[in-house]
Structure formats: structure tokens, C-alpha cells
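Visitor: Take a look at the letters that make up each chain.
Protein chains: 2
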Amino acid sequence: MEIPNKQIIFRDYIEGSPKETDMILNVGKISLKIPPKSSPSSGGAVLVKNLYLSCDPYLRGRMRNFHESYIPPFSPGSVIVGFGVSKVVDSDNENFKIGDFVTGITGWEEYSLIHKTELLRKIQSDNIPLSYHLGLLGMPGFTAYAGFYEVCFPKKGEFVFISAASGAVGQLVGQLAKLHGCYVVGSAGTSQKVHLLKNKFGFDDAFNYKEEPNIDAALKRCFPQGIDIYFDNVGGEMLDAVLLNMRTHGRIAVCGMVSQQSLSYAEGLKNVFMLIPKRVKMQGFIQSDYQHLFPQFLEHIIGNYKQGKIVYIEDMNEGLENAPSALVGLFSGKNVGKQVVRVAHS
Amino acid sequence: MEIPNKQIIFRDYIEGSPKETDMILNVGKISLKIPPKSSPSSGGAVLVKNLYLSCDPYLRGRMRNFHESYIPPFSPGSVIVGFGVSKVVDSDNENFKIGDFVTGITGWEEYSLIHKTELLRKIQSDNIPLSYHLGLLGMPGFTAYAGFYEVCFPKKGEFVFISAASGAVGQLVGQLAKLHGCYVVGSAGTSQKVHLLKNKFGFDDAFNYKEEPNIDAALKRCFPQGIDIYFDNVGGEMLDAVLLNMRTHGRIAVCGMVSQQSLSYAEGLKNVFMLIPKRVKMQGFIQSDYQHLFPQFLEHIIGNYKQGKIVYIEDMNEGLENAPSALVGLFSGKNVGKQVVRVAHS
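Protein chains in written order, with the working numbering: chain A, 56 to 401; chain B, 56 to 401.
Just so you know, not all the hints are guaranteed correct.
If chains are identical, the list can't say which one is meant, so a pair holds when it fits in one copy or spans any two.
[To be verified] Here are the computed lysine to aspartate or glutamate pairs in the EDC-like style, where the Cα-Cα straight-line distance is at most 20 Å:
#, residue 1, residue 2
1, Lys275, Glu123
2, Lys325, Glu292
3, Lys171, Glu149
Hints are computed from structural coordinates only; laboratory data are not their basis. These figures come from a predicted structure and were not determined experimentally.
From just these sequences and the hints, can you work out the full model?
Guide: See the structure below:
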């Protein structure tokens, strides 16, 4: 007995940012029972109903015909895969029972048959919204945690700047920095986001980079004494301006595939030489290199969240059919907070 | 009793690379006896006869009207100062006796009255050429040592690339990397220098970047498996090409003021985004931050030198009046090895 299964198909390799037409809504079919095991010795599959899907900038990297990255491109014609929160509806795997909520890599479709169960994690029941496992408690949150503590090595009282600061990663970096005793400034692309940074996330200051005729001047206004830590989510012109404003022994964490826009940054970075007089360390990183810290990350964030010391904002789109526009919106900054798509309520 | 004292005067702030006319030969006067102490409580001065002066790329930084660096610009009309090897001819300082050989910051002139004696170090008598205290055992050698061990964190078997590899710093980085068990390739700007790299310094391979139509292709030919460590002495186009060829968790030490040419690198760096997928650390550094390691540096290098495991090549110009052309020559790669000027034989 098969039922219809709506899916979002990756059409073909792209250049630049994705468009809605790069993804196609398709209706496949799926059985809600796992087919009999072909190989009894292998770890069993699970069949899940997808509840929430995560829109992340790194997905653009997988839509390009570029094989030098840490993760291969999607195959044209295949279902898009990414982080999700799902409910187990059938299981051949002793680690997952029917009714369990799981998070990990799943398909952009209503139901997914998942063989790579090592990429799934069972969600322990608590009072935190399920979708937060795609943001605050998921890959973006862990990116913020690993990048801030393990790449930036923050010290109390240091001056921290964050670009794309209201995004899935930035909003948590800023709050962690405040909890650490740093002075924190963020940039964002709308006055609404700037308002959130100052009034919701507790940043000391924030500015709308689209309204600043001169980014260097904006940084000098916000940091007359210079920047110790820059958590870079965008690359390009912003990074180039920050390089002129770093303090001695400063650190720059280069994060996130949004910054692959620097591929198309016509000017190129002109100020990298400033690394020398200021002895700055600039480091690219990927959260998955720090997986051993994931348990302490969860403990730290959940503890602070339950004490009301950390908040998190999501931008929730309803319906699988709206997933393409939600993903596309990331690259023009349409989302306010972590972009999630709700596929089903339960 | 005063005697004539030839001096090289810094004319005025420059842009771009220095020209000979940016420096003026002047004949001043100096007494060979230190004037009576004005303040008996302060550390006493020494009067030295300068034997060797060091031409280093960082001097260009001091000739520009740029105050954001770690060291201030020269004052127009003043004598150029830099590293030198000198002989004490009079002393009011108990740490230095007449006849001692010292190295440290002195003037580009025949005789210098030095008040900042904390920047002088007495040379212990050994069988190493005095001028080597400006190169192998001086600031450039220590730059190689601190940068290679403290910034690059080399591991045996790693793939190391060095630009300006036959220069004052590069030639030692390459030999340290070979002693460490690395695979080492260098680039230089003449076939003579490439020959030296392969046959004198023991590099595994080398290329003349001026004869390579495509730097990226040259790097891929020399490093089919990619680069773990890049010791960057030049910045600009070379650095941009290296960024495309780094291995996962690679390290780039960004060194030397030659790379301030990147100020005028019209294209800008386009490949910094590659720091992310390869998780590369790129760090600017200055040797003076590692002064606590200087004694172990001397011990390590002198030991290897005396065993014949390290060699060093100098480019020696004769006469103070030829110091300007020697300095200017650095920026077109005219020097072969460490550029030194002999002011006097003893």
C-alpha cells in the first residue's frame, strides 16, 4: 500500500544564488512500511514523517557543481536533503522506536526512508520546541558555540563584532559573547533586525549595513578602540572593512557558506596584509570538526535557555511547497532569524 | 675632537617601493668620546663603529606615512635606523666594554651614539661570521624559526610551500622544514635562485614563478596532494593561488612586509573563502612577539649550523654609500640571499 509523497527535487547545478525554479515540486509514492531487509546484517532503516526542515546557507554549496568542498554536491533530479526534525513511523532499527522524534539528515519530502541512521539523533523529551533542534540546538547553534569558544578564544571584556547577526548562527554568538562578558556589536540588513539585536538579543550596539555609506566608518564609530573578535558570516566587503579595524592579536572566525559569495565579490579582499601588523589569526572552520563537544554544547545552551538567559528567533514557513522560496529568501536576507519550514504539525 | 661621520638620511615619506633618491648621503660629525652623562642614574650610552647593516623589507614600512603598524615611521630628515653589527668604541654602560661586538638597532652611518642600549645584544665570540647576526642568527632567522614552529605547527611528512624561498627568511624556513621531515617546495624569481633552492638548501623542488604562465597550475604540479603549510613572504597573487591548493586543516603563516605590496595588488584576494571548506588557519605574526624563544632559537640554529646541517647565503654590498641601492634592490628581487651592507671590516 503506497501513498502519495510530495517531494522537492533539485533540478540542476546552479551558479550564484538559488532561484525557486531550481527546485521542482514532485509527487512520488511511498509505502509506510519498511520493505523487508535486503541485508539482515546491516543496521536497519527507519521510515520517518518529516515535521520540520531546515533552510541553511550551506545548501547552496551543494547545489553548485563544485567538488572541492567538505560535502559533495547534490545529484540533479534527486530529492534535496538537509537537516530536519521527524517522527518515526516505522523502524527496523533498535535505536529508534515508532513514535520517537529524531533530528538529523532527512529528505525535503513528506516521508523519508532513511538508511543512514548514524546521521540521526533521538530527541529527548523536554519543554523546548522541536524545531529548535534545527537552530538553537542544531547545526547553526553548534556552529556558534564551536566557532565562538574554539576558534575565537574569547576573553571577558573583549570587543566582538558579528555580521548577519540576527541570523541562525549570529543571534546565538552574540548572546554567548554577552554571557561571556564581552562588548558586542552586530550588523544586519534591515532596521527590524537591528531593533531585534538591540532589544531582543541584548547586543550593546548594532547597525544596518545597507544604510551605512561607509562600512569602515561605521565600524570605527562602533569600535573606536578596535575589534578583538570578528565572527564572520558574510565575507566580502564587510570582512575587508573589518580587517582595517582589528586589534592586536585579534581573531577572525570565518564561517558559513554565505561567504562563498566572496567568490563573486568583484573587488577581492584588499586588506589581508593587515593580518601582519596586528598579528591577527583568521580561521575557517566547520562545526562537524568539533562533534566531541556536542554534548557539552547541548548542556550549556539548554541550561541557559531554561533560565531565560538565551532566546532564539525562528522564521517559520508553512508547507513543503514553500520550502524553495524559504531557501531562496536566505540569500537576500528575507528571513528574520533561523529559517525553518513546517511540513506537518505532528 | 670630532671626525666626519657619513650617514644615510631618510628624505621624505614614500609610496610604493623605495628609490635610491629617497635616501641622501650626508656627512655629519661625531666625537669618538661619549659626552659627559646628563643623567647619572640612567643606563649609560655606548658609542659604536658600525660594521654591517641589514637591509630588510620591513624598512619600507617605516618609510611610509602609515601609523597603524607595530613600529612607527621614520622622521623625514633623520638617519635611517635598522639592525646592525657594530664594535663598541666607547662606553658608559657596564654591560658593554670597548672592543665588544654588539648587534641590535643602530644607525645607517659610520659611527652611532646609542642611548637605547636595551636594543643591543653582546655577540659571544664563536666561529660564525659576524654578519650572520643580521640574518641566520638575527631577526630574519628568528622570523623563520618562530613562524615555522609557533605559527605553522609542522608535523613530519607534511607538505610545505615557501615563497621568496631563497631570501633571508625563506632559505632557513625551508631547511628547518627539511630537518623536520617535511616535503618542501619553494618559489623564487630567477633560475639562479631556483638552482640554489634545489642544490644548496636541499629543497625537494622549486620553481621560478616568473616563468610560470599559471601559478595555480605550478602549485598543482608540485603539490598534487595539496599544501599543508604555506609560509607566505609575498602575499598577493601567490597567496591567492595557494588558497586554492591548501589541504584540510592547513596553516598559512603570513609574514613580512614585502606582502604590504598587497596594498597595491589590484585584483585583491579572491580565494579567501577557501579557508572554510579546508578549515585553514591564516595568521599574521611578528617575530618580536616570541622573544622568550630567542635563546632556544640561537641554540638550535648554531648547533645545526656547526654540524653543517644548515647553510646560509648572504648578498654583501660594500660601503655605506651603497646601502640605498642595496635596500632598493630587495623590492625587485635583485638580492640573492640575505642582503647585508659592509660599512667597515673591523
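Visitor: Next step is simple, just say for each hint if it's right about the structure.
Guide: Evaluated hints:
For the homomeric pair Lys275 and Glu123, the shortest alpha-carbon distance between copies (14 Å) is at most 20 Å, but the shortest distance inside one copy (37 Å) is not. Taking the shortest Cα distances, Lys325 and Glu292 sit within 20 Å of each other both inside one copy (9 Å) and across copies (11 Å). In this assembly of identical chains, the alpha carbons of Lys171 and Glu149 lie at most 20 Å apart only when taken from the same copy (14 Å versus 75 Å across copies).
Every hint, counting from the list given before, is met by this structure.
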